[in-house]
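Engineer: Reconstruct the complex from the two isolated chains, following the hints.
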Amino acid sequence: MRFTGALTSPRMRQILTPSGALVDEAPMDDALASRLYRAMVFARTYDRKSMALQKQGRLATYAPFEGQEAAQAGSAAALEVDDWMVGTYRDAAAMWMQAYPMELLFAGRTGHEHGGRVPEHVNVLPPSITVGGHMVHAVGLAWAERLQGSSRIALTYFGDGATSEGDFHEAMNMAAVQKVGTVFVCQNNGWAISLPTAEQTATETIAEKAIAYGMPGVRVDGNDVFAVYAATREAVGRARSGEGPTLIEAVTYRMGPHTTADDPGRYRSEADREEWVRRDPIERLRVYLSERGRWDEDWQMRIEEQASSEVERAIVLAESLRAPEPEEMFGAMFAEIPPHLAEQLAEAKAAP
Amino acid sequence: MTTTIAQALNRALDDALAADDRVIVMGEDVGRTGGVFRITDGLRDRHGGDRVVDTPVAESGIAGVGFGMAVAGMRPVIEMQFMGFSYPAFDQIINHVARIRNRSRHRFSAPMVIRIPYGGGIGAAEHHSESAEAIYVHTPGLKVVAPSRPSDAYGLMRSAIDDPDPVVVLEPIRLYRAVKEELADEPEFVNIGIASVENEGRDLSLISYGAMMKECREAVKRLTDDGISTELIDLRTLTPLDTEAVLSSVRKTSRAVLVSEAPRTAGFMSEVSALISERAIFSLSAPVRRVTGWDTVFPLKRSEHLYLPSTDRIVAAARSTVEESV
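Respectively, the protein sequence lines represent chains V and B.
According to numbering that gives the first Met the number 0, the first sequence is numbered sequentially starting from 0.
According to numbering that gives the first Met the number 0, the second sequence is numbered sequentially starting from 0.
Treat the hints as calculated values from the structure; they're not laboratory data.
Please note: incorrect hints may appear among the correct ones.
Claimed, not checked - Lysine to aspartate or glutamate pairs mimicking EDC-like chemistry, simulated, CA-CA at most 20 Å apart:
no., chain 1, residue 1, chain 2, residue 2
1, V, K208, V, E242
2, V, K178, B, D53
3, V, K178, B, D49
4, B, K213, B, E303
5, V, K48, V, E335
6, B, K251, B, E322
7, B, K213, B, D311
8, V, K178, B, E322
9, V, K348, V, E335
Unchecked claim - Quick partial rundown of chain B residues pointing at chain V, CB under 10 Å, derived from the structure:
no., residue
10, G41
11, L42
12, H46
13, R50
14, P55
15, E58
16, S103
17, P163
18, E217
19, L240
20, P262
21, A265
As the list claims (entries may be wrong) - Pulled from the structure, derived: some chain V residues nowhere near chain B, Cβ distances all over 10 Å:
no., residue
22, R116
23, G165
24, E169
25, R239
26, G255
27, E274
28, E282
29, S308
30, R312
31, P325
32, L340
33, A345
Backbone N, C-alpha and C fix where the C-beta goes; we use that ideal spot for every residue, glycine too.
Next comes chain B alone, as it looks inside the complex (with noise of 0.2 Å):
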């Protein structure tokens, strides 16, 4: 059946519920209304409003109350509206969710997903296209996946439904419907911490994650055009990285350009660009080049063209890349 990232979620949720009995999804409207994304419609009828909780508008307190439900044995998914809602929850996930583990060495743990609704590009008021990723993967303790197409949006869910430990789930919000893919009967899980290799190349290395893959796709269909065989890795999971797949792809391309819409400076590119300047330079015939959204306030409807990478910036710093090397 063809399916949105949208619907693979839902259903990723839906599956979770069914299949454990721990499981509790919960957020703002999550419930009657199916969040403001509508990723979780329809669960609260099938499977009960004390299962999809319906929470007051209270970011700290759901995920810290999430946090105490997965300590006492349930698998709580929080949704945090928006990605700039989730500062006020920084505190929780930051001093507990991601540290109980250690601070207990082991005996409690808060196996708990934390969805985070992130990007911008649908012309959404201040403070809901937030691309604040660089924090979460910046603070021990945490994963931080980010699926870029329904098949791994349904997967990387799931299992980080199942993981041990605390995951953070970014959600692309402008590709929530528009990206679409064939889902099987029974999807399967996606393993975190492992990249995607989506088109082979050998003259450069395009790396991206969630929501700019849909540019990074169109990039590699000009180029190709071009004459430039691109090699498109999704890395889905920014951490913990698969480091491998960047590096064997670099080795052998010797060119990459980075793209994400995060403010540059220590951007979670950045992270990535140092592991390949560590670990692979001597591999490089040209500078690693990085295509970000600026370091400013992520701008309102009108200026969104401005910050947000496109498909021209991206092909343009690939031929340049290309062009430059030694």
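Just chain V, with the same shape it has in the complex (with noise of 0.2 Å):
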């Protein structure tokens, strides 16, 4: 089934062609483009590599974001470095840019719970694992923040398929309700495991789910870094300002399998890729910095150099952890250990 509909909807917003040209004003300057585009060669390594590592066996089963670039770094690029983020197993690239230790996203691939333990100052969750019932918490966290008196706001990273599950639902309704600052992204990538977009709802967009939550619903085109970006950042000063929540549905597409475990050629065919390929969000952006002068092959080389070296940094570092000890298992269920884990924890340890 193509997926192609969608792309041709008037309500969708592109700033930035597939072939690089604006149709509308450019929403940040140069120096913040280039950052940008750097992020996804960063991202788009990482990603390549753990797909690569994962078929070593260095790392559990890895659910990709390749082609979904532009809708992580555009809308992470529009928070501030303490907002909350919440986001899922696609979303490494957000969550780094977020400030999330790459080394500690490789960690929790490896199969070491170390890699949820973020820094003081990350204000990121763990990525959830079940699919949507992470949005609720992003609700709670802008609110905890509100009722404190901070102006933090939270961001949270759901899939088309997210949208079917009830506390999608929950969520936007209690959002829009208290009039929370959460901003709700969700990055229609077409399919949903094997499930495409076209069956997972009626509606013609996710965007429009938002009118019946009383917020406000915008439709993006997901790998158009500056789209997804200007949406963003009106979405979170609404957010930050008391305005309430936003729904943001950025389209996109998957382009690789839905995990390392799923063989994409049982439900979709070649020729999606194919045309999603000419819309790929790091090559318009390239294009767009080269006709300014702000990209040549050096600059690229470069960064394609400084990107494996971060990779391969973060890497030897999840995999240097220590093994973990029976202690850390046992020690992380409360505060304080209670007595019958204490007692377990030393069955466990004299255990043959």
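Structural biologist: The structure is reproduced here in structure tokens:
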């Protein structure tokens, strides 16, 4: 099934076309555009390296986000450094941009809970693994910040599939009723594992669901980092000034499988994918920057090398974490280990 | 002042709201009406609608939003209107609330209280009489308490709100106004994880918690009249369980009758029975007996008496246990 109808929707906002041409005013200066380009190159390097490492057995199941770099980088860039972010297993690029250390992203995927222990100043929750349950968390986080007199807001990422979960409804409704400063970013990548969006929902768009909750819903070309950034910046402004939540639908495409355990050949054709190669989020920004004299081969090589060495540094760090001791497993269930867990810990340590 | 469990819980919430700005009470109808059982009566007037919040009818959302608030530094106390209505919130409670400390290795935690009115005996509609505490006890990362008297209701609620981890407070619906007690001007906190020996005895340990304590207290009187010296233990906390209180009592009396209104199979008392058989079996002079609800759907009003353990059933089980002793 082709997923093309959505892209022709008149309501979809685009600023930078797939060929790199501006059709509206750029929402950022060249310095920020260059920074986002570099971030997307880092993200793709991380993503492809993760796929390779998984094949080598060095990472557990991995959920790639290739193709969704602009949806994540453009939205994350609109946040303040201490805003809350609540994402999923496919949002590593956004989480990394919000200061989640890359080595901890890798650590989680190597199967070490230490990957969830972000530094004190980082307000990013460990990636949600169940689908849809985390959106309400972003409502509670932003609500609590308001109650405590802070201007921090919360942004949550989810996919088209998650909009079918009951908690999507509960989160959207409660956020709107309480005018909570939450930004809902749906990366509609066309597929929830094998289910196309057309079978996920009977509405033409995800964005229009916002109407029913009494909040603005905007639809953007999710592979256009400018459009994503502009929409998110606006939503973040609304959230921070007490005007309430916004739903953003970033229309994008999952270029790879759902996870390394998935075979997309069973449910979609290669032709679909080819169409989306043409709409690549990184290439169009490259063309744009190049035409403005902000991109050349040397810089490309330099940032690719930086990305590779950063990814390498992170994976080495993640893999060099010492093997977990039983104390860590038992000791992190509660603030203080209760008697029955202390007993079980002793039993586990004495076990043959 | 003579106080019911309902009043003691109300006072605990009132005092906690006054003592700590981080405390927020949330749930369906907890504000304007004071909750369907009036446990939160008057709190909205005294502390304002920002801190005593009437939420949309969305149990999963309430639990998940509470989770987010707790992670961001608040101390939410959320109400699930009836235990049967807490089931839509299972995903939030089990997958998120109970796990965040571990999955972030202490970086984040969810210090929140989940209030759940539970149990039958008031002739309520279907889904309003559940006693599914075993599910919460079985979930790693939660603490579960079940008070049976006003002083414990107050003291455990205050401790639960101050606890750095999530605590499920099971409130015995049919005892809300059926048990009264003098409450001090400044009632004490009650530590989580400590059982209470309500009555000392030599012949038999009668062990229960929450709503069934009323029938157990009546049974102790009758058994004492029969000349059976009965030790009555109110567990008060289901997890972490005060295992020492259970074991030292059973080692002393050599007999145990375990009372709970939950369905029998894999119920909480199965765990207590297993504990006794693992650690005190050589002290026993009779098999451990469970007096429980049945493995049936909790019945409607006209059959409730067929389901809930009665004082008669408890007394009969205790007598048989003593008679069967080797």
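Engineer: Could you run down the list of hints and mark each one as holding or not?
Structural biologist: Okay, the hints, checked on the actual structure:
1. K208/V <-> E242/V: At roughly 18 Å apart (the allowed maximum being 20 Å), E242/V and K208/V satisfy the hint.
2. K178/V <-> D53/B: holds (14 Å)
3. K178/V <-> D49/B: holds (13 Å)
4. K213/B <-> E303/B: holds (16 Å)
5. K48/V <-> E335/V: violated (39 Å)
6. K251/B <-> E322/B: Judged against 20 Å, a Cα distance of about 17 Å means the pair holds.
7. K213/B <-> D311/B: holds (13 Å)
8. K178/V <-> E322/B: violated (66 Å)
9. K348/V <-> E335/V: Between K348/V and E335/V the Cα gap is close to 19 Å, so the pair holds against 20 Å.
10. G41: This hint is violated: G41/B lies away from chain V, its Cβ roughly 21 Å from the closest one there, beyond 10 Å.
11. L42: violated (16 Å)
12. H46: violated (12 Å)
13. R50: This hint holds: R50/B lies near chain V, its Cβ roughly 8 Å from the closest one there, short of 10 Å.
14. P55: OK, holds: P55/B within 10 Å of chain V, min 6 Å.
15. E58: Status holds, d = 9 Å.
16. S103: Holds: closest Cβ of chain V sits about 4 Å from S103/B, inside 10 Å.
17. P163: holds (4 Å)
18. E217: violated (31 Å)
19. L240: holds (7 Å)
20. P262: Hint violated; P262/B Cβ to chain V Cβ min 23 Å, cut 10 Å.
21. A265: violated (18 Å)
22. R116: violated (4 Å)
23. G165: violated (6 Å)
24. E169: Given a closest Cβ separation of 3 Å, the condition is violated.
25. R239: Answer for R239/V: holds, closest chain B Cβ roughly 15 Å.
26. G255: Its Cβ never comes within 10 Å of chain B, the nearest being 25 Å, so this holds.
27. E274: For E274/V, whose nearest Cβ neighbour in chain B is about 36 Å away, the distance exceeds 10 Å, so it holds.
28. E282: Correct as stated: the minimum Cβ-Cβ distance to chain B is 36 Å, above 10 Å.
29. S308: holds (27 Å)
30. R312: For R312/V, whose nearest Cβ neighbour in chain B is about 22 Å away, the distance exceeds 10 Å, so it holds.
31. P325: At about 13 Å from chain B, P325/V clears the 10 Å cut-off, so the statement holds.
32. L340: violated (8 Å)
33. A345: holds (14 Å)
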